[in-house]
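Asker: If you read the sequences in order, they're chains A and B.
Its first residue numbered 1, the first sequence is counted upward by one per residue in our numbering.
Its first residue numbered 1, the second sequence is counted upward by one per residue in our numbering.
The set of hints was computed from the structure by calculation and includes no laboratory data.
Glycine is no exception: its CB is placed at the ideal position from the N, C-alpha and C atoms.
Hints may contain errors.
Claimed, not checked - Some chain B residues flagged as far from chain A (calculated, every beta-carbon gap over 10 Å):
hint, residue
1, 184
2, 281
3, 285
4, 407
To be verified - In silico contact screen, one side only, chain B against chain A (beta carbon under 8 Å); selected entries:
hint, residue
5, 4
6, 303
7, 309
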Amino acid sequence: MIKNLLEIVNLKKNYDHKNGIIELFNNVNIKIKKGDLVALIGPSGSGKSSFLHLLGLLDNPTKGKVLFKDKDIKNLTDEEKDLVRRKNISIIFQDNNLLTDFTAIENVIMPLIIKDENTQTSRKKALQILKDLKIANRADHFPSELSGGEQQRVAIARALISETDLILADEPTGNLDYKTSEDIFSYFIKLKKLNKAIIFATHNRELANKADYKLSISRGTIKRINGR
Amino acid sequence: MFTKAERLISLRNLRPKKKEGFLKVISIFSFLGIMLGVAILIIVMSVMNGFKTDLTNKILGLNPHVIIESNGFKIEDTFINELKTKFKDISISKTYSGEGIVVSNQNAKGIIIKGVDNSNSEGFEILKKNIKNGSVAEFRKKTVLIGAELAFDLNLKVGDKINLMSSAFVATPFGGLPKQESLTIAGVFNTGFYEFDHNFVFLNLPDALSLFDKEIYEQNLEIYLNNPMKADDFKNKIQNLKPNFFVYSWSDLNKSFFSALKVERNVMFIILTLILIVAAFNIISGLTILIKNKTKEIAILKTLGLSNNSIKKSFFLTGFTIGFFATVTGILIGVIFAFYIEKIRIFLSTFLNLEIFPSDVYFLDQLPSEINIYSIFLIFIFSILISALASYVPAMSISKMKTFRALKYD
Numbered sequence: 001m002i003k004n005l006l007e008i009v010n011l012k013k014n015y016d017h018k019n020g021i022i023e024l025f026n027n028v029n030i031k032i033k034k035g036d037l038v039a040l041i042g043p044s045g046s047g048k049s050s051f052l053h054l055l056g057l058l059d060n061p062t063k064g065k066v067l068f069k070d071k072d073i074k075n076l077t078d079e080e081k082d083l084v085r086r087k088n089i090s091i092i093f094q095d096n097n098l099l100t101d102f103t104a105i106e107n108v109i110m111p112l113i114i115k116d117e118n119t120q121t122s123r124k125k126a127l128q129i130l131k132d133l134k135i136a137n138r139a140d141h142f143p144s145e146l147s148g149g150e151q152q153r154v155a156i157a158r159a160l161i162s163e164t165d166l167i168l169a170d171e172p173t174g175n176l177d178y179k180t181s182e183d184i185f186s187y188f189i190k191l192k193k194l195n196k197a198i199i200f201a202t203h204n205r206e207l208a209n210k211a212d213y214k215l216s217i218s219r220g221t222i223k224r225i226n227g228r
Numbered sequence: 001m002f003t004k005a006e007r008l009i010s011l012r013n014l015r016p017k018k019k020e021g022f023l024k025v026i027s028i029f030s031f032l033g034i035m036l037g038v039a040i041l042i043i044v045m046s047v048m049n050g051f052k053t054d055l056t057n058k059i060l061g062l063n064p065h066v067i068i069e070s071n072g073f074k075i076e077d078t079f080i081n082e083l084k085t086k087f088k089d090i091s092i093s094k095t096y097s098g099e100g101i102v103v104s105n106q107n108a109k110g111i112i113i114k115g116v117d118n119s120n121s122e123g124f125e126i127l128k129k130n131i132k133n134g135s136v137a138e139f140r141k142k143t144v145l146i147g148a149e150l151a152f153d154l155n156l157k158v159g160d161k162i163n164l165m166s167s168a169f170v171a172t173p174f175g176g177l178p179k180q181e182s183l184t185i186a187g188v189f190n191t192g193f194y195e196f197d198h199n200f201v202f203l204n205l206p207d208a209l210s211l212f213d214k215e216i217y218e219q220n221l222e223i224y225l226n227n228p229m230k231a232d233d234f235k236n237k238i239q240n241l242k243p244n245f246f247v248y249s250w251s252d253l254n255k256s257f258f259s260a261l262k263v264e265r266n267v268m269f270i271i272l273t274l275i276l277i278v279a280a281f282n283i284i285s286g287l288t289i290l291i292k293n294k295t296k297e298i299a300i301l302k303t304l305g306l307s308n309n310s311i312k313k314s315f316f317l318t319g320f321t322i323g324f325f326a327t328v329t330g331i332l333i334g335v336i337f338a339f340y341i342e343k344i345r346i347f348l349s350t351f352l353n354l355e356i357f358p359s360d361v362y363f364l365d366q367l368p369s370e371i372n373i374y375s376i377f378l379i380f381i382f383s384i385l386i387s388a389l390a391s392y393v394p395a396m397s398i399s400k401m402k403t404f405r406a407l408k409y410d
């Protein structure tokens, strides 16, 4: 049986720069279980997004291990990592990152299309999520025709549709008003109840305090702060 | 072959947004380039095929399919009977040809004198069909048939007398003199083949043999086949039968002409395929720009779990779709153009008041065109391969891209 959904062991991450090596993280050890709702906090530039990057298998650690369902990602090929992401990980980006050539609903169903699922069923499912996020009336609009908040909700809908075990969200409510932020968070709670793990980076203390626990990034280290 | 996602992404790439106007222009030029390249290739190849077929038909009409020359040995009736029994569906005509001079009205011209057996009509079927003045029925002993160009040059008409001199000599008290005979013009033919109408004089076989001081067994045999394209096979069979005789097929006699035509056709094909290659470069540049513009989208798709291979395939499909539809459109335009080429020529000649494809230069009354399925298939395959290669090269560059850098992080 898989103990942890995600385990970080002695992780170190450096970036090469023309002025020398930048050390981002050193000796990070974290375990994420299914159903965990985790807030990632820290000042701007502390490396929250880079950390999510590593968790999303979009980057490799300089040293240490990232174990996803007990499998060291270092041993996976790019194709295998793509497959792991497709089946297990959804990412909500800080600046939405919607596909500009596709309408809102097409953006939402894209993860299911990639999985080669039935288009009609996927559309129905997407429409329901867009309804829950109060943006169904914008389903056939292109991202350029949506406001920042609407784009963010579409991005969240896209992450939610594939019902992956792990959702990584980089300031998902940054562009949203208080009410919608609350709605999004309540959606996260629902997902948590479905045994999905959610790690979200945020500057919003109120939301962070509602998480099971917080991971605070500061000066290359990550500390766990138990919440609620 | 292509998944739903790959097809969908490829389809969207084919509909560039307004701000990607330059990309749209490149896509249109790629399409037009390949379409025109394919169409031109088909038109030119069809005209070349038609040209070759028309000229082959002319040559086959003017020349026997196989010629057997005695080469100093005897060609006797027993051999002719042997051929007739051994090979069905052939027609044998006895002939004799040689170089000579025609003298008339104080004019002289070097010509080819050809004696034909007028009891076998196959040998001069072409003359029967193309008699301009006089009649083949009048073609008897001591008469000749001459070409229209020769008649015009020497100012001759039906009923006129001409002197023919051969390369055979007769001994006289004054020394050796070329053998000559006076003959009457029974008819003037006009095949439309300048060289033929200008240089050939036909007479009866006994007259020709007498003029060249030859015996009957020194005659040549001209063989006409039901399928002239099998002349070379037939030639080999006869050659095996009688190794001492000289045997030529019609393609042997016109080897240099057909080689020139073939070389011309191949060179034309190579030159015109360059249009396709240049057009394919448009696909390469268009796709390269598209991939560059879509770096962020590619990164997003990867975060959604779409594999590198699928992304490559979707961009490959974008380029290939342009190439495929351009090729199919090019084939349609090319075939329609090739089919109506003569009407188009007439229209352009009238409209531009210009003589396109003058018949006296090309020996043909109309612009020939023969749509050859094999040529079209070859052009289709070639164009598709070029398009596939042009789409493959930029698509492969995706694997080298650091796509995640395109995603903005802290």
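Asker: Was residue 407(B) rightly flagged as not at the interface, with every chain A Cβ beyond 10 Å?
Answerer: Nearest chain A Cβ is 6 Å from residue 407(B), so the label is violated.
Asker: Taking the least C-beta to C-beta distance, is residue 309(B) closer than 8 Å to chain A?
Answerer: holds (7 Å)
Asker: Measuring from the C-beta of residue 4(B) to each C-beta in chain A, is the shortest one below 8 Å?
Answerer: OK, holds: residue 4(B) within 8 Å of chain A, min 5 Å.
Asker: Checking a non-interface call: every C-beta of chain A should be farther than 10 Å from the C-beta of residue 285(B). Is that right?
Answerer: Given that every Cβ of chain A is farther than 10 Å from that of residue 285(B), nearest at about 20 Å, it holds.
Asker: Once the shortest beta carbon distance from residue 303(B) to chain A is found, is it less than 8 Å?
Answerer: holds (5 Å)
Asker: Evaluate the condition: distance from the CB of residue 281(B) to the nearest CB of chain A exceeds 10 Å.
Answerer: Residue 281(B) is indeed farther than 10 Å from all Cβ atoms of chain A, at 25 Å.
Asker: Just want to verify: residue 184(B) was marked as not at the interface with chain A; is every Cβ pair farther apart than 10 Å?
Answerer: Check passes; 87 Å lies beyond 10 Å.
Against the hints set out earlier in the document, a violation occurs for number 4 only.
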